[in-house]
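Sequences listed follow chains C and Y, in order. What the first sequence shows, in the working numbering, is residues 31 to 431, in sequence order. What the second sequence shows, in the working numbering, is residues 119 to 352, in sequence order.
Don't read these hints as lab results, they were simulated from the structure. Since the model is a prediction, treat every value here as computed from it, not as a measurement. Each residue gets a CB set at the ideal place from its N, CA and C atoms; glycine is no exception. A hint or two may mislead.
DMTMM-like mimics (lysine to aspartate or glutamate), calculated; alpha carbons at most 20 Å apart, straight line [what the hints assert, rightly or not]:
#: 1; chain 1: C; residue 1: K36; chain 2: Y; residue 2: E304
#: 2; chain 1: C; residue 1: K36; chain 2: Y; residue 2: E263
#: 3; chain 1: C; residue 1: K36; chain 2: Y; residue 2: D234
#: 4; chain 1: C; residue 1: K270; chain 2: C; residue 2: D146
#: 5; chain 1: C; residue 1: K270; chain 2: C; residue 2: D104
#: 6; chain 1: Y; residue 1: K213; chain 2: Y; residue 2: E304
#: 7; chain 1: C; residue 1: K36; chain 2: Y; residue 2: D258
Rough simulated footprint, nothing fancy, chain C against chain Y, three-plus residues with beta-carbon under 8 Å [to be verified]:
#: 8; region: 195 to 209
#: 9; region: 251 to 263
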Amino acid sequence: MNLAWKDVAHQKLRFLATAAGLGLLFAIVLAMGGIYQGMIDDATLLVEAAGGDLWLVQRDTRGPFAERSVVPLDLEQRARVVPGVQWSRAFTTTTLQRSHRGQRLRATVVGLSWPDPPPIALEQGRPLRVGHGELIADLSLGLALGERLTLGGDEYVVVGTMRGVLASSGDGVIYVTNQDCARLQSYQPPEAVRQAREARQQQIEALPLAVGAPLRRQVGEQDLTAGLLAQPMVQAVVVKLAPGYSHEQVKARLAGWTDVTVWSTEEQRQLLLQGVVDKARQQIGLFRGLLAIVSGILVALIIYSMTAAKTREISLLKLMGARTRVVVAMVLQQSLMLTGLGYAMALLVARVAFPAFPRRVVVGTEDLLLGAAGVVLLALVASAAAIARALRIPPTTILAG
Amino acid sequence: METIRAVSLTKTYGQGELAVTALSDVSITVDSGEVAALLGPSGSGKSTLLTALGLISLPDSGSLWLEGRQVLRDGRPVGDLAKVRRERIGFVFQKSNLIPFLTARENVSLALEINDRKGREVQARVEALLRYLDLGERMDHTPDELSGGQQQRVAIARALATSPAMILADEPTAALDSVRGRNVMELLRRVAREQRTAVVVVTHDHRTLDVFDTIHEMADGRFVEPSVDAASAS
Ligand SMILES: Nc1ncnc2c1ncn2[C@@H]1O[C@H](COP(=O)(O)OP(=O)(O)OP(=O)(O)O)[C@@H](O)[C@H]1O
Ligand SMILES: [Mg+2]
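Bound conformation, chain C alone (with noise of 0.2 Å):
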């Protein structure tokens, strides 16, 4: 006969609605987790799904992660041809926020170079066919597969879905062709040019004659070929390495090219984390010890007084002779009991409820195994306090009223 399992299941209720809040607990330490991991994973995303040991961005600027860094297109086919480099791809990315189908659609759109895209991880449909009018979207956007809609003018349709890929922002991502990235980019709405230009013309128009005259002409060619003379402008070129190259011969050799500055990955991965994250990961990680200290504290004093309330039991088994290791049992068996359900139900809650959070929760195996770790631990050391106090009950307690 099992005592602690006995007194459980003559109080179900309580004890499932005790596990329960504190699976509910647990739950939030894991969110926190969760959320801090999932803020790293999505700051850091973009970086990791461009591949690559190198980034090429505008000279002296810290690249498109941290500042505004323009770099030539042609820097793409420059970089391949240098010795070490097994590939370069031209990196593009810019905010979209729009409204469609009366909605808010926020997206970071992110150009894949091409020809020759990198592979995409992808949910549902296929990868890009085309240069130009296709998209890859983020399940989070809510965009359907062949769904139509506008963007900087064209019309684009979306061929490809992918699970889980948000720009630190928490935004989802979509991936078009780095030149319908840039073509994106540098729309704008005929609209505002119209009324740029008027503007422009006003102010123009308004100056005396003589200064205005050749104002006048220039504007109006300025209009007419800045589209077609520009040469197009990506934000960087990142290279993979050639096996056997290091980073260092193939960076000495890309030093000497005046227009761009390189970083590793790795850099970049940690400008992203420090510039865009880190304050809000530091609040995080806080928080979440905080909470992890809260809910060892909770624990400890729900075993504490659950040993507490079973005083004249415990004091019983010590008259009729039990052996102490009886008493300990019953102690740490149901405090084993109480906290492994507890993380049970959080583990419940994290598959239900995590998918549903607006902002990615990363949870790995190895966090399981660790919080499991953690919540046998706790369950121990607040075990240990009320053993200690159960082992001082005296028998005669229970002969007293």
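Once you have looked at the hints, place chain Y with the ligands on chain C.
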């Protein structure tokens, strides 16, 4: 045969001016199969003596032998007293002292299980005991589903389960009406006879005194001449 032999038990609660001498130089012997009553006014030390005999709350001084083996020497334990309690002593107290989350059957089994006795035979013994105590229909009920008398009988079944050398009962019938109280007392007496158990019962109920073989009366922590004697009561 002497089951209990206690010599010069003394016990004082508190210190200085507040000190209460609950036992002063009390000696008693109880034979196997003997049913002894402990009488006396409230506060005279009956419960204190019972818990000393039961090795629950040790006296300050005095010696105690159980079945010829010394278990207390000058107030100090000789050997593992918890072991002596679980193997050789059965307890019944005034209020039901059952574990609330166990059924009648489980409460009785518990006494055997803490003695590492489990399995079919044990279950059979528990059921036989409960039936013997007229609880055959209530075996799978928890204490809160049993009447006071039924609870008390479960406690007696538990005390009997290990076939102890002695049973100590502190006002076991206080919570019962006189008919049921008498039943319990007669039951204890039957057990003492059949199993050669020494039984010591604290009681206030003078109407059941005829059940006892010997009567001890206490006042201010010592034995006094009984105001009634077993022979005249019966
Ligand atoms: N734990 C204790 N601490 C201090 N004094 C105690 C304690 N237990 C008993 N006493 C005192 O010792 C004396 C004897 O108490 P005891 O409980 O043995 O009396 P009793 O004969 O059983 O009385 P009752 O018939 O009321 O149960 C009393 O004066 C009581 O106040
Ligand atoms: Mg008493």
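Does C:K36 pair with Y:D234 here, judged by a C-alpha cut-off of 20 Å? holds, 18 Å
Would you check the hint for Y:K213 and Y:E304, treating anything up to 20 Å between C-alpha atoms as holding? Holds, at roughly 19 Å.
Restraint status (C-alpha distance of C:K270 to C:D104 at most 20 Å): holds, 17 Å
Holds or violated: C:K36 with Y:E304, Cα cutoff 20 Å? violated, 33 Å
Under a C-beta cut-off of less than 8 Å, do 3 or more residues of the region 195 to 209 of chain Y approach chain C closely enough to confirm the stated coverage? This one holds; 9 residues, not fewer than the three required, reach chain C with a Cβ under 8 Å.
For C:K36 and Y:D258, compute the direct alpha-carbon distance and say whether it is at most 20 Å. holds, 13 Å
Restraint check for C:K270 with C:D146, where alpha carbons must lie at most 20 Å apart: holds, 14 Å
Counting residues of the region 251 to 263 of chain Y with a beta carbon closer than 8 Å to any beta carbon of chain C, are there 3 or more? It is violated, with 1 qualifying residues against the three required.
Is C:K36 within 20 Å of Y:E263, Cα to Cα? With a Cα-Cα distance of about 16 Å, the restraint between C:K36 and Y:E263 holds, given a limit of 20 Å.
Figure legend: structure checked against the earlier numbered hints; hints not met, in rising order: 1, 9.
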